[in-house]
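*Asks:* Sequence:
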Amino acid sequence: MCRSTDYYNFRCADQNLLKIKAFFVRLSGFDSCKGPLSNSLTLLFPIRINESALEVSGATMRSDSSALLVLHRMVNVRSRNGEAIYGSRERVRVGDGVGFEVYSGEEKVLKGIFRREEEKWKMKCKCALETRDAKTVGGEGAVADVCVEVDGDVAMGERVEMVARKNRRVGFDRLEDIPEESEFDGVCCCECAEAYGGGMEGDCGGAEEMYGCGGGSELGL
Numbered sequence: 001m002c003r004s005t006d007y008y009n010f011r012c013a014d015q016n017l018l019k020i021k022a023f024f025v026r027l028s029g030f031d032s033c034k035g036p037l038s039n040s041l042t043l044l045f046p047i048r049i050n051e052s053a054l055e056v057s058g059a060t061m062r063s064d065s066s067a068l069l070v071l072h073r074m075v076n077v078r079s080r081n082g083e084a085i086y087g088s089r090e091r092v093r094v095g096d097g098v099g100f101e102v103y104s105g106e107e108k109v110l111k112g113i114f115r116r117e118e119e120k121w122k123m124k125c126k127c128a129l130e131t132r133d134a135k136t137v138g139g140e141g142a143v144a145d146v147c148v149e150v151d152g153d154v155a156m157g158e159r160v161e162m163v164a165r166k167n168r169r170v171g172f173d174r175l176e177d178i179p180e181e182s183e184f185d186g187v188c189c190c191e192c193a194e195a196y197g198g199g200m201e202g203d204c205g206g207a208e209e210m211y212g213c214g215g216g217s218e219l220g221l
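Residue numbers (the UniProt record's numbering): 1 to 221.
If you are wondering where the hints come from, they were derived from the structure by calculation, not from laboratory data.
Incorrect hints may have been included.
Using 16 Å as the maximum straight-line C-alpha spacing, the simulated EDC-like pairs for lysine to aspartate or glutamate come out as follows [unchecked claim]:
1. Lys19 with Asp153
2. Lys108 with Glu161
3. Lys21 with Asp151
4. Lys108 with Glu130
Being a predicted model, the structure only gives us computed values, none of them experimental.
All chains, please: the whole structure from these sequences, using the hints.
*Replies:* Below you can see the structure in the form of structure tokens.
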């Protein structure tokens, strides 16, 4: 009986995790930047005060340890001037409340959190850049599109305006203050139809095709 109960508890815990198959970031509108866009980004899962579960490539991460993944730039995907697409196909499983940060070099550019609300998973993101004067990075219209492909559901996505905040340092535990501008009701709420050139009907199907979610071999991931 004990073994049976342990197995049941394991299955329940496993079902409560978000199973991420791929993580992508598209930066666009950066054509006025002084230097070229980076060849890679770093995806950081920081330490988890709430002790939420985190697994990377099958390895369980301790709550007092962070985890790093490299988001490689996809050179074989067509992109416009001032645009770059980055991605990783390492399998990651996260529990409710696990946060993430995206870095370009040593500069934090994005931060977000995964939330499970009413049996549905949501992803919230915001710009993490800081400057002395609030400004749009890379010129007008600079944005970051975050797309996460998950097992058993449609991809989650969110568009973030890359506006650097004026010298405001926000601790990661303040991420709950992110306004819920996007409601994830089984469809992508990142204005995908506009973000990916139209021809889409509200889901992330076009985003998956552009990012190569359907064919990792073509991307070398």
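*Asks:* All hints, please: hold or fail.
*Replies:* Hint-by-hint comparison with the structure:
1. Lys19 with Asp153: 10 Å, holds
2. Lys108 with Glu161: 15 Å, holds
3. Lys21 with Asp151: 7 Å, holds
4. Lys108 with Glu130: The hint holds at about 9 Å.
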